[in-house]
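**Student:** Sequence:
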Amino acid sequence: MTLWTATLLTLGVLAFSGGAALVPGTVGAAGEEGKYDSLKRFSQVLDLVERYYVRDVPRKDLINGAVKGMLQGLDPHSTFLSVEEFKEMQESTSGEFFGIGIEISSENGQLVVVAPIEDTPAHKAGLKSGDIILAVDGVPTQDMTTQEAVSRIRGAKGTEVELSILHRDAKAPEVVRLVRDAIPLISVKSKMLEDGYHWVRLTRFSERTTGELVDALKEANKKGMKGIILDLRNNPGGLLDQAVSVSDTFLKDGVIVSIRGRMEDASREYRAKAQPGDVSVPMVVLVNAGSASASEIVAGALRDHNRALILGERTFGKGSVQNVIPLSDGAGLKLTVALYYTPNGRSIQAEGVDPDFEVPFELPREEEKAHRLNMVREKDLNRHIENGTSGKDARPASRADDVKQALEKDNQLRMALQFVKRLPRLKDIQ
Numbered sequence: 004m005t006l007w008t009a010t011l012l013t014l015g016v017l018a019f020s021g022g023a024a025l026v027p028g029t030v031g032a033a034g035e036e037g038k039y040d041s042l043k044r045f046s047q048v049l050d051l052v053e054r055y056y057v058r059d060v061p062r063k064d065l066i067n068g069a070v071k072g073m074l075q076g077l078d079p080h081s082t083f084l085s086v087e088e089f090k091e092m093q094e095s096t097s098g099e100f101f102g103i104g105i106e107i108s109s110e111n112g113q114l115v116v117v118a119p120i121e122d123t124p125a126h127k128a129g130l131k132s133g134d135i136i137l138a139v140d141g142v143p144t145q146d147m148t149t150q151e152a153v154s155r156i157r158g159a160k161g162t163e164v165e166l167s168i169l170h171r172d173a174k175a176p177e178v179v180r181l182v183r184d185a186i187p188l189i190s191v192k193s194k195m196l197e198d199g200y201h202w203v204r205l206t207r208f209s210e211r212t213t214g215e216l217v218d219a220l221k222e223a224n225k226k227g228m229k230g231i232i233l234d235l236r237n238n239p240g241g242l243l244d245q246a247v248s249v250s251d252t253f254l255k256d257g258v259i260v261s262i263r264g265r266m267e268d269a270s271r272e273y274r275a276k277a278q279p280g281d282v283s284v285p286m287v288v289l290v291n292a293g294s295a296s297a298s299e300i301v302a303g304a305l306r307d308h309n310r311a312l313i314l315g316e317r318t319f320g321k322g323s324v325q326n327v328i329p330l331s332d333g334a335g336l337k338l339t340v341a342l343y344y345t346p347n348g349r350s351i352q353a354e355g356v357d358p359d360f361e362v363p364f365e366l367p368r369e370e371e372k373a374h375r376l377n378m379v380r381e382k383d384l385n386r387h388i389e390n391g392t393s394g395k396d397a398r399p400a401s402r403a404d405d406v407k408q409a410l411e412k413d414n415q416l417r418m419a420l421q422f423v424k425r426l427p428r429l430k431d432i433q
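Just so we're aligned: the sequence shown equals residues 4 to 433 in our numbering.
Some hints could be false.
Stated by the list, open to error - Simulated crosslink set (BS3-like; lysine-lysine; CA at most 27 Å straight-line):
(1) K160 to K407
(2) K424 to K226
(3) K226 to K90
(4) K192 to K229
(5) K225 to K174
(6) K192 to K127
(7) K412 to K131
(8) K194 to K255
(9) K226 to K174
(10) K43 to K225
(11) K63 to K131
(12) K226 to K194
(13) K221 to K276
(14) K412 to K226
As the list claims (entries may be wrong) - Quick list of the computed label-pair ranges, beta carbon to beta carbon:
(15) P143 to G214: 22 to 32 Å
(16) E365 to S46: 14 to 24 Å
(17) R349 to D281: 16 to 26 Å
(18) D359 to E87: 37 to 47 Å
(19) R263 to L410: 34 to 44 Å
(20) P329 to N224: 38 to 48 Å
(21) S154 to P61: 16 to 26 Å
(22) N224 to I189: 13 to 23 Å
Hints were generated in silico from the structure; no laboratory data involved.
For every residue, glycine included, the Cβ atom is placed at its ideal position computed from N, Cα and C.
Take these sequences, add in the hints, and give me the full structure.
**Tutor:** Okay, here's the thing in structure tokens:
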């Protein structure tokens, strides 16, 4: 299984560190030692720890710690997965799991929010890309592995977890209490903004994403399609094959993404193929700093083929490929095996995808918000007459109301709608 996950499971603690006395006869130039000599050293250290360490530690824990330390020294995304952790990773891309719906990464020993998943407790609580998680249930996260943090944050549905959060624009941390819930598996949402212009939102790339996208596009086509806004903001990534098939839905031919690794079998080129259901109407793709990995593959492919206009903010910049390798005992290994490149041969690693038009997201003006909150209404007056029909036959919000509200709150979406209405059709671009 090949994953592009901006979060999943980074390690941040060395199993063995310096500061101890040297054991005679074990010092040598690393470059001159063979595998046997290195393993002999490891065996000696393991024996010394088991015999003399102040506490009795199970050998399994020592071995797992050593493996984690080895992988931690490689990069932020390579990691050892215990049996439980391996199962959790599989559930996060295919089955139901419970938590708060957040993708995290490790940066300089700190746990950083890559993106909250839409319609989850984290999203509803206002957590945003770039927020720093300082503590989980009072336990400091400094140098905590991302997998340990994931294990602490996940839990049974209905239980509570407390996070200490430092928002990007804040001077002091905030304590946020969230109730764990089922993380929604639906990854595609769509809405018609104006006659013929559709907003298609991808929240992540799971096993069902392309199928859900195709269904959404079929429904949109029944209503008439003049243009599409593909929203990849705060989409932290997911499965490689889904990034390729989503891109292929909008491309007739050409390279989608190429992968280059040290081993020959780790290098591959993925190409688009013409299909009856290919969509060719004008497109705008929305991205931001929470758009990572698989999202960047799609944005990079559509940009390099001049298939879509990219609007928003620079993406996260995760351009590495991890293979998840099952081990014989049910555990797993997530190992970085390659880097990926856009059709033009550009690596996105640590750089991201720059939008064609940079449009920072703007929150509604605070003074307007405060004004709306402080306005006196009839219900605020003393001895006001109660509404005898309140709660009875209340008119539900219409689709038009939902669209109006979405556009009012989202300047990037408003701009994308303006652009897509003015773009020529694909045949005119080419």
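**Student:** Next, verify each hint and record whether it holds.
**Tutor:** Consistency of the hints with the structure:
1. K160 to K407: Not satisfied, since the Cα-Cα distance of roughly 34 Å exceeds 27 Å.
2. K424 to K226: 16 Å, holds
3. K226 to K90: Roughly 41 Å separates the two Cα atoms, so the pair is violated.
4. K192 to K229: Satisfied, since the Cα-Cα distance of roughly 18 Å is no more than 27 Å.
5. K225 to K174: Violated: K225 and K174 sit about 50 Å apart, past 27 Å.
6. K192 to K127: 17 Å, holds
7. K412 to K131: The given pair, whose Cα atoms are some 16 Å apart, holds under the 27 Å limit.
8. K194 to K255: 25 Å, holds
9. K226 to K174: Violated. K226 to K174 sits at ~48 Å, over the 27 Å cutoff.
10. K43 to K225: 68 Å, violated
11. K63 to K131: 37 Å, violated
12. K226 to K194: 11 Å, holds
13. K221 to K276: Holds: K221 and K276 sit about 19 Å apart, inside 27 Å.
14. K412 to K226: 25 Å, holds
15. P143 to G214: 22 to 32 Å: Distance hint for P143, G214 is violated at roughly 42 Å.
16. E365 to S46: 14 to 24 Å: Between E365 and S46, where Cβ atoms are some 60 Å apart, the hint is violated.
17. R349 to D281: 16 to 26 Å: 25 Å, holds
18. D359 to E87: 37 to 47 Å: 44 Å, holds
19. R263 to L410: 34 to 44 Å: 42 Å, holds
20. P329 to N224: 38 to 48 Å: For N224 against P329, whose Cβ atoms are near 40 Å apart, the range 38 to 48 Å holds.
21. S154 to P61: 16 to 26 Å: 18 Å, holds
22. N224 to I189: 13 to 23 Å: At 20 Å between Cβs, range holds.
The structure fails hints 1, 3, 5, 9, 10, 11, 15, 16 (numbered hints given earlier, in ascending order).
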